[in-house]
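Going down the list, the protein sequences come from chains A and B. For reference, each letter of the first sequence is one residue, going 56 to 277 in this note's numbering. For reference, each letter of the second sequence is one residue, going 173 to 1188 in this note's numbering.
Please note that a few of the clues may not be correct.
[Stated by the list, open to error] Here are the simulated DMTMM-like cross-link-like pairs (lysine to aspartate or glutamate), alpha carbons at most 25 Å apart as the crow flies:
| # | chain 1 | residue 1 | chain 2 | residue 2 |
| --- | --- | --- | --- | --- |
| 1 | A | Lys118 | B | Asp1168 |
| 2 | B | Lys613 | B | Glu701 |
| 3 | A | Lys76 | B | Asp1175 |
| 4 | B | Lys1109 | B | Asp1135 |
Bear in mind the hints are in silico, worked out from the structure with no lab data behind them.
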Amino acid sequence: MIVGKQKPIDDIWEMISGYQKVLVFGCNTCVAVCHQGGNKEAEILASLLRMRATQEGAGIQIKNGGIERQCEHEFFESARDDIEWADAVLSLACGVGVQFIAGKYPAKVALPGLDTLFMGDVQAPGLLTEACQGCGKCILHLTAGICPISRCAKRIMNGPCGGSTKGKCEINKELDCAWQLILDRLEALGRLDEYERVIPVKDWSTERAGGPRKLVMDKEAS
Amino acid sequence: MANKNVGAVMVVGGGIAGIGAALDLADSGYFVYLVEKSPGIGGTMAQLDKTFPTNDCAMCILSPKLVECGRHLNIELLTLSEVTSVTGSAGDFTVEVLKRARYIDPDKCIACGSCTEKCPRKADSEFDAGMGKRKAAYIKYAQTVPLKYVIDGSQCIYIQKGRCKACEKFCPTGAINFEDKDETLTFHVGSVILAPGFSTFDPKPFDFFGYGRIPDLVTSLEYERLLSANGPCMGHLVRPSDHREPKKIAWIQCVGSRSTNRCNNTYCSSVCCMYALKQALVTSEHLTGGNAELSIFYMDMRSHGKEFERVYETAKQKGVRFVRARPHTILPGRSDLGLSMVYATEQGEQINESFDMAILSVGLEAPPDAQNICKMLGIEQNKFRFVKTSCLDPVKTSREGIYATGVITGPKDIPQAVVESSAAAAQSARSLADVRGTLAKKKQYPPELDVLGQDPRIGVFVCSCGINIAGTVDVKAVTEYAKTLPGVVFAENNLFTCSTDTQKLISQIIRENNLNRVVIAACTPRTHEPMFQDTLKESGLNGYLVEMANIRNQNSWVHQSEPQKATAKAKKQVAMAVAQVAGSRPLANITVEVVPRALVVGGGLAGLVTSLTLADQGFETVLVEKEQKLGGNALHINTTWQGEPVGGFLADLIKKVENHPKISVSKQTSILSATGSVGHFSTSISVNGQSSSVDHGIAVFATGGQESRPEEYLYGQDSRVHTHLEFDALLAGGDAVDKAQSFAFIQCVGSREPQRPYCSRVCCTHTVKGAIAVRKKNPDSSVFVFYRDIRTYGEREDLYTEARNLGVIFVRYSLDSKPQVFVEDGALYIKAMDHVLQMPIQLEVDHLVLAAAIVPRQENQGLVDLYKCGLNADGFLNEAHPKLRPVDMSVEGLFIAGLCHYPKPVEESIAQAQAAASRAAVVLSKKTLMLSGKISKHNRDICMSCLACFRACPYGSPFIDKDGRVSHNEVKCTGCGICAGVCPAKAFQVENYRDDQILAMVDSYTKDLWENAPAR
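All chains should be modelled from the sequences, with the hints used to inform the complete structure.
Below you can see the structure in the form of structure tokens.
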């Protein structure tokens, strides 16, 4: 899922100062599961901001709302009145949602309440880790299910670099060397011979280097 | 049986032991008379500041029990009362009780405190152990039960001299009654439980202590009062002489204990080492600056209970100084400030040291009237005036139908007293099984009105709590403000909202005004919510439609110096409670049908006793044992410490269990899996490879423990090195002992070591018992004991004395200089440092006995995985609370007995096994269980199955269902709200604490602020 982190309340407060009616707007899918931007978090944040407004005597009106996903037109129907009311929408969605609002409501100001971080997994309660960078051409079948694109600092394709020491990466002693993990796992699977296979130079055009990407499904499939 | 049994029990003594027995019996179908000599229940525990080993506040954990006793339909409190005669026999006793005059009518007293305020006569407060004063008209302490004032006739000026009556003039309800007379009441009961507690040793007659002459020398109980927040210095510790903070404090152990020369208390009082450690640790929290110098003067440090050794280690780490010495001369300091004392160090040096203050760790004694009580009841005492009991039936007295619990049967700590109180309840219930439920009352309520869908019509009752609240908060203003709040149709102020009269008034107002919600602005829901819920139910409203605003504990008590702000805060609290209750819904309690069957896991001594105690009460019991044979460790124990042979007792017990019609014994059985919760567990077992399933309402775990195999001192390498149980077998048969010349015991083998930091509790007694047996059997032999601290707690101390009298030589060693055992030319030698000679010694011995640690069984982990109960760091199963719930486990419906909980001797295992049966009977005696409706509700439709709840719930109530999504088992839910807190989808909401209610509360709080906020 997409992982984000709520911005510090001081930053958010500064962002919304100057507006009269602010809608704190939750997105109840990815960022809800990581406890940062769901409709409940929107409620809590709105409540905090109202307290701040009271304490500072600021004449801002703050409402909260939210929908299932801020990246699809149809869900916005239920929030029409709320968005109409507001002069600024503080979106707690990922960057996709914020832009979607900006695009959908040209007269409204869309503000980001979250810093969008990465696509990741839940390793343990409260611990989310990055696992995919959406490179556009998956090679996990070649690397024992461990992604060197997202998990190796250098994103290299054929074995560890010289900075790999005792299984750790040279940029951080805490960080596992992705290629060490790949090797260990290949060995455990009894497929170490696959390591001999040279992976050709990666075509980065499917990644962001080729400009913003788009997926067009044929009509039947969509 | 000639006479018909009576389904009522009299409990004599309202301390924690009496309270425990009373609640168990009242909760399982008996009517209980609880007789207390003083004006209120609570006993010594109420006087304590904190309790070891957790340093929980004593009052905080005790007070809910007091309230429960006070409110229980099946407990009648008889305070200021003493039993004067017991006639008849087991099953049908006639008891005469002398109830002394209270001079205040408890039905009229609203506990406003006016009598105390106006009373001109001061007297020493018994509750404050003489460290503070009370009036002649008084209550014992603020949380006392019953909360009714009393006039002490011996102090009252009017009663003594015929003039005054100030209290009568000022009492607002006319409750003062100087005509009140002592009266004699007669009761019929099936059994009597004696729990009169103890008195502390009085050091006054022993002038070498200087107690009474040195102001800054106090007893440990007096010190508890100095530490306590409700004591004379309100928790701000100062010494008596100049009311300054003491910095250098000493504790002197064994005052009136282990003392042959000075008094006849040769026994160990069992609790003083631990309370001194606790007091030392708590003292550093009380003192400002943190540069306290704390010293404990002791003989042997006896931290032999569960988690106790860790407290000792913590104290050492935190810099408490431990001096092994018994100060012999204590003198007042200059100008009577502080004191000095003289003691000899272990090196023989005499030291004179000054302290700001010292505490005498006084021992426990049978109360002064123990002799009279026992004589009146016709029960035997032992030489220390404690009630005589047997290790094999630890709560039974010499008169049938009369049981004893607590310190009256010998010194013990609170958990052991609580265990025994449940054991006494079990033994009572066992003898009165045929009349269970015959005298117990059941409450009836009018049918509930349907208020769902109605607009809120809220009534607000603002309590003055005498002057407790009204002295600080402007209650009239709060009441007027409440009338303006949305949904409120009625508001009034009461002097005491909790008084019986007010309950009737509230009921009337609810009916007259068609109220459908109620707010009580008063004290804490912890003690008072059940009562107000009851008032609503009696008025035909659902009990969950009341909320409390705590404007006392959270307001008037802490903001005394700022009355205006306190009033403003009280308004906010009321507004929030109104906002919350407006959204409250009537809730239904969950009913669970109870499977009337017990599962007992483990067929050792504890499991056997539990099974028989349950089955004799008529409860069907399934006993599972993994071995081929019942009996466990007890099969290898020769005698108890009191010398009672275990073998015959055990054989008889096994026979009774195996032939009991209500018990099915299943040997060679293991547990495969378990589901369910209190009332209806289902456990699948494998018997000899065949699997089957048992449905049961409760389970008792009695999986035992075992003597460990030592890995040092040549154990397993030399046949002359034995463990205790191996040596017991040698003692019991053959002539090995007679033929040998010298014997040695080494203590703490595998215990109190970094890798196993607990004390195994039983080994010191086991060793001295063994040493005595050797010396008696072979008087020419020499016997040496290598020890660290001898821990023959309680009356077991007499064995230690006897061993020394018989010439057994005790040599102390420390962990960093352990004895060395080696073989040279075929001879077995021990080399160690002698603490008296201050020289190394070397002995040749024929037999070496190792006091090997008692360790938990590996199987415990399996039980934890299956039943989600708890295990401590040492691998022993955990009780729900170390002090007041020592037999229950944290999972409702599971109980614990014997060595699987902690190493313990036979008598303590039996008591805990009986106690487990009593606690189990509370569940099994009911057809259905009513569980609170205030639980978390799960909306599966909006749940995203993110598993936050599943991971966070401590009770395992959310689960992954057959569709692979999260569902909720409401029976396991306690309404703690953790799931609602973590759920990002708001799929979990705690009933009547829903998010919309909380937000409404927040809004009601911020609303005025918002309106009054200056424009930007």
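Hints and how they fare:
no. : hint                      : result
1   : Lys118(A) <-> Asp1168(B)  : holds, 14 Å
2   : Lys613(B) <-> Glu701(B)   : holds, 22 Å
3   : Lys76(A) <-> Asp1175(B)   : holds, 18 Å
4   : Lys1109(B) <-> Asp1135(B) : holds, 19 Å
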